[in-house]
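Generate coordinates for the entire structure from the input sequences, incorporating the hints supplied.
Chains A and B supply the protein sequences, listed in that same order.
Using our numbering, the letters of the first sequence map in sequence onto residues 28 to 140.
Using our numbering, the letters of the second sequence map in sequence onto residues 823 to 941.
It should be emphasised that the hints constitute simulated quantities derived from the structure, not laboratory data.
Hints are all accurate, no fakes.
Chain A regions said to be covered by chain B (calculated; three or more residues, Cβ under 8 Å):
#1 69–83
#2 109–122
#3 130–137
Positions of the beta carbon are idealized from the N, C-alpha and C atoms, including for glycine.
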Amino acid sequence: SAVISQKPSRDICQRGTSLTIQCQVDSQVTMMFWYRQQPGQSLTLIATANQGSEATYESGFVIDKFPISRPNLTFSTLTVSNMSPEDSSIYLCSVFAGQNTIYFGEGSWLTVV
Amino acid sequence: AQKITQTQPGMFVQEKEAVTLDCTYDTSDPSYGLFWYKQPSSGEMIFLIYQGSYDQQNATEGRYSLNFQKARKSANLVISASQLGDSAMYFCAMREGYMIKAAGNKLTFGGGTRVLVKP
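Written as structure tokens, this is what we have:
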């Protein structure tokens, strides 16, 4: 299994500002993924973050809005830039931990006012 | 077309009874996997069970079992002996392709089913 820690767990932000969410894993993993869950909705993949390469973004998500860093095999950050109320969501990172398991962090609840 | 469909937006279940949550999927990839996650009100996603497309037997994990009907493209979750702590949102998700590649670990989620266990 893998233990995944996210920071912050919750935050309230002013529109127009940016927030960086951190994801720390207790073991080295090749693949990390960032998801967004808007209120009352299901999860949608934002991007795939592999160490040593640029993140790969899904349709509808762009690097300028959601820049991602992956400096090593245990850590990644997602920044939500120039926030608007529509960005209010839970942001979750996930990792492939082997043995056919994909684990998620506890999520970061973001409210934009 | 929806890749993962959960037709039950919400359901009640009596404590100690079993409940079945429906999930149907759509893929043309011969290698795929199906996951079930539990999301309590705290927001975390808790991994419950996994079924691979090549697995011969239905997956089981404690009180959770997966009724995998490949020809019908369904992967229903069965929770036996429901407990009050089972009250949560449940998501079915699918990965497509081989897990050794990044694309094979991307998940597509269904809309979820909210379960409320009554005492």
